[in-house]
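J.: Next come the chains, spelled out residue by residue.
2 protein chains.
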Amino acid sequence: MPTSLETSLFIRACRRQPLERTPIWVMRQAGRYLPEYRELRAKHDFLTVCRTPELAAEVTVQPIRRYGFDAAILFSDILLICQALGMDVEFNPGPVFKSRIESLADVSKLHTGEVAEKLSFVPGAVRASRELLKGETPLIGFAGAPFTVATYMVEGGGSRNFERIKSLLFTAPEAANALLDTLTQGTIEYLGSQAEAGADALMLFDTHAGLLAPEEFDRYVAGPVDKVARAMARYNVPIIYYSNGTAGALKRISQLPVQVVGLDFRMDIGSARDILGPNLAVQGNMDPVSLLAGPDQVRRRARQVLESNAGRPGHIFNLGHGILPNAPLECVQALVDTVREWRPTA
Amino acid sequence: MPTSLETSLFIRACRRQPLERTPIWVMRQAGRYLPEYRELRAKHDFLTVCRTPELAAEVTVQPIRRYGFDAAILFSDILLICQALGMDVEFNPGPVFKSRIESLADVSKLHTGEVAEKLSFVPGAVRASRELLKGETPLIGFAGAPFTVATYMVEGGGSRNFERIKSLLFTAPEAANALLDTLTQGTIEYLGSQAEAGADALMLFDTHAGLLAPEEFDRYVAGPVDKVARAMARYNVPIIYYSNGTAGALKRISQLPVQVVGLDFRMDIGSARDILGPNLAVQGNMDPVSLLAGPDQVRRRARQVLESNAGRPGHIFNLGHGILPNAPLECVQALVDTVREWRPTA
Chain S
1 MPTSLETSLF IRACRRQPLE RTPIWVMRQA GRYLPEYREL RAKHDFLTVC RTPELAAEVT
61 VQPIRRYGFD AAILFSDILL ICQALGMDVE FNPGPVFKSR IESLADVSKL HTGEVAEKLS
121 FVPGAVRASR ELLKGETPLI GFAGAPFTVA TYMVEGGGSR NFERIKSLLF TAPEAANALL
181 DTLTQGTIEY LGSQAEAGAD ALMLFDTHAG LLAPEEFDRY VAGPVDKVAR AMARYNVPII
241 YYSNGTAGAL KRISQLPVQV VGLDFRMDIG SARDILGPNL AVQGNMDPVS LLAGPDQVRR
301 RARQVLESNA GRPGHIFNLG HGILPNAPLE CVQALVDTVR EWRPTA
Chain W
1 MPTSLETSLF IRACRRQPLE RTPIWVMRQA GRYLPEYREL RAKHDFLTVC RTPELAAEVT
61 VQPIRRYGFD AAILFSDILL ICQALGMDVE FNPGPVFKSR IESLADVSKL HTGEVAEKLS
121 FVPGAVRASR ELLKGETPLI GFAGAPFTVA TYMVEGGGSR NFERIKSLLF TAPEAANALL
181 DTLTQGTIEY LGSQAEAGAD ALMLFDTHAG LLAPEEFDRY VAGPVDKVAR AMARYNVPII
241 YYSNGTAGAL KRISQLPVQV VGLDFRMDIG SARDILGPNL AVQGNMDPVS LLAGPDQVRR
301 RARQVLESNA GRPGHIFNLG HGILPNAPLE CVQALVDTVR EWRPTA
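These protein sequence lines map, in sequence, to chains S and W.
Under our numbering, the first residue of the first sequence carries the number 1, and numbering increases by one thereafter.
Under our numbering, the first residue of the second sequence carries the number 1, and numbering increases by one thereafter.
Bear in mind the hints are in silico, worked out from the structure with no lab data behind them.
Backbone N, C-alpha and C define an ideal beta-carbon position, used for all residues, glycine too.
There may be inaccurate statements among the hints.
To give an idea of the interface, some chain S residues facing chain W are shown, with a C-beta separation under 8 Å as derived from the structure [said to hold, decoys possible]: (1) 55; (2) 166; (3) 210; (4) 213; (5) 265; (6) 289; (7) 290.
With a Cα cut of at most 25 Å, we get these calculated SDA-like pairs of lysine to any residue [what the hints assert, rightly or not]: (8) 251/W <-> 310/S; (9) 251/W <-> 303/S; (10) 251/S <-> 108/W; (11) 118/S <-> 108/W; (12) 134/S <-> 227/W; (13) 251/W <-> 233/S; (14) 227/W <-> 108/W; (15) 251/S <-> 227/W; (16) 251/S <-> 280/W; (17) 118/S <-> 244/W; (18) 43/S <-> 310/S; (19) 251/W <-> 307/S; (20) 251/W <-> 325/S; (21) 43/S <-> 78/S; (22) 251/W <-> 78/S.
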């Protein structure tokens with residue numbers, strides 16, 4: 001019943017409707033900063049939680065119970081698709097790949113066409129989460145954007161300088177193109193399966209999109225996102241595109257067929273919206289590290305972010321990056337309270 | 001004799017004078033991609049080269065001899081100032097600090113007031129380099145910008161997520177302010193000593209400036225750079241401010257009292273100059289990784305960068321980040337030839 005949540009603050013903000021208050025959720029809200037999450041994870045490892053719809057759903061709703069966020073986001077991981085493509089990935093806790101993609105031959109060995117099937121527990125978790133959410137809170141399904149997932153597959157995990165992925169783009173563009181095509185197709189299947197299971201919105205995380213010059217951004221970041229977003233249009237749910245370190249690419253981002261642009265913390269919202277234009281909602285963008293500065297500073301910073309939006313319709317409050325595991329609960333509470341109580345002064 | 005080089009292409013470009021062609025040099029041009037550099041380094045370790053004016057000068061002029069770049073940059077390191085402040089830093093090859101700055105008490109233990117004295121080999125290297133350059137090529141002196149140097153001192157070396165420095169800014173702002181004040185003062189002494197020794201231009205490297213939201217950028221990045229640049233004004237040489245990942249902060253950067261803004265590769269030059277305004281020259285901004293793509297691609301990309309400047313006076317061609325150690329010599333040659341032969345078509 002995705003339609004029943006069309007009147008929620010979150011979905012209406014995605015559609016840029018004028019609202020009585022600004023909705024809020026935070027990236028990685030189902031995570032280690034929550035004691036109830038750590039308690040559950042003490043009993044079950046990370047992948048088990050991802051792969052067991054009941055456990056994933058339980059974790060998904062934990063932050064809704066505690067803080068009443070205006071949207072839930074499915075507990076999952078952007079790198080599960082790599083496992084479905086046949087790569088051996090462990091999480092301890094950062095991702096470590098047993099092998100790396102280095103050539104076209106490596107790409108051709110990936111198991112395409114089985115992604116949605118191998119990840120069928122994810123739509124299962126969507127259904128289980130929606131049941132727990134009782135039609136009261138919209139649920140965001142998500143995937144990693146193709147370029148960001150590709151960086152992990154080529155680097156073999158996280159990276160400091162991303163030299164391998166960048167070298168691949170410039171020295172083996174046919175391998176890079178094939179990898180991104182494979183990921184684009186897999187993401188379309190995988191994200192589509194979440195929409196079909198009832199996700200109320202879909203989000204693409206492009207954490208590493210900020211590594212590239214305009215030409216490569218266009219080809220390897222924006223091109224794949226464009227294809228995924230177009231394929232999702234038939235589900236008629238809002239699509240959110242989050243990227244990081246891309247203040248210089250906002251003009252290109254404004255041309256993507258999405259409804260909401262997730263902003264990192266490096267630019268104030270008003271300046272970003274000036275570039276993005278009037279047809280996009282925005283989500284963001286408080287620096288997650290500012291949650292460590294104590295409740296008073298959190299309140300001040302939250303108001304600063306709200307004010308920088310200058311009252312334009314279509315703002316979903318969020319952090320500019322995932323919440324840190326050491327964010328104090330009282331600071332998260334101060335954040336939620338501040339956003340919920342805030343009304344534009346103008 | 002700094003005045004003798006006022007008519008050089010490089011200095012005239014810094015002053016936004018119309019020129020017959022675009023000058024070029026590349027960041028880290030005195031470095032590992034050069035066989036003559038590797039040969040010298042096989043005999044002397046990194047710090048010995050930095051600390052011995054004759055060796056530093058020899059390395060400084062190596063890329064001028066091979067490629068005839070339009071500016072030389074002193075061979076040195078932005079972290080030498082940390083040693084002068086009393087910290088134990090090794091280079092193997094990345095910097096590793098034996099201890100980290102974690103508190104105001106740690107900052108107060110730094111040996112201030114001896115920076116220029118302890119780094120007196122650096123103006124020595126300026127003088128030795130200028131002798132080898134024979135008044136034919138301008139010499140750039142440089143320092144790390146205070147915030148970037150602070151990140152190394154707080155992280156204890158390079159970093160992937162910069163969690164320590166960001167936490168310090170938000171949880172111990174008095175320690176962060178004291179550290180930045182110490183570095184600002186030291187940088188003024190140190191960079192001033194290079195100007196007094198005859199550096200024809202001064203450059204500040206702010207590689208990690210792109211980590212921050214606008215409020216922290218203003219306080220911890222722009223504030224210190226502003227102070228250093230103001231103190232250098234009396235030397236009447238062009239000041240270049242390079243930062244990385246700061247496309248969202250260009251408006252603030254345009255207010256700094258510098259003459260040239262060094263751009264990373266994430267935004268085309270024309271768009272950046274639209275934000276920076278007409279009173280600043282720019283330096284950049286080809287992606288260094290594109291030098292791995294072969295001479296034909298290098299020529300195409302170099303022309304793309306030149307054309308994106310749209311013929312505005314005040315463009316110094318450079319890479320958007322340091323040249324990679326595995327950049328092929330023939331590709332560097334293709335780059336230099338392309339820039340040197342290029343004339344605007346309009």
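J.: Now, for every hint given, state plainly whether the structure supports it.
T.: Here is how each hint holds up against the structure:
1. 55: Where the cut-off is 8 Å and the nearest Cβ of chain W is about 28 Å from residue 55/S, the hint is violated.
2. 166: holds, 4 Å
3. 210: Holds: closest Cβ of chain W sits about 7 Å from residue 210/S, inside 8 Å.
4. 213: holds, 4 Å
5. 265: holds, 4 Å
6. 289: holds, 4 Å
7. 290: holds, 6 Å
8. 251/W <-> 310/S: OK: residue 251/W and residue 310/S at ~19 Å, within 25 Å.
9. 251/W <-> 303/S: holds, 22 Å
10. 251/S <-> 108/W: Not OK: residue 251/S and residue 108/W at ~45 Å, beyond 25 Å, violated.
11. 118/S <-> 108/W: Since the Cα atoms of residue 118/S and residue 108/W sit roughly 57 Å apart, the hinted pair is violated (cutoff 25 Å).
12. 134/S <-> 227/W: violated, 57 Å
13. 251/W <-> 233/S: Violated - the C-alpha atoms of residue 233/S and residue 251/W are around 36 Å apart, more than 25 Å.
14. 227/W <-> 108/W: Measuring from Cα to Cα gives roughly 21 Å; hence the hint holds.
15. 251/S <-> 227/W: Violated, at roughly 33 Å.
16. 251/S <-> 280/W: Judged against 25 Å, a Cα distance of about 23 Å means the pair holds.
17. 118/S <-> 244/W: Outside the cut-off at roughly 40 Å; violated.
18. 43/S <-> 310/S: violated, 45 Å
19. 251/W <-> 307/S: holds, 19 Å
20. 251/W <-> 325/S: Roughly 33 Å separates the two Cα atoms, so the pair is violated.
21. 43/S <-> 78/S: holds, 22 Å
22. 251/W <-> 78/S: violated, 34 Å
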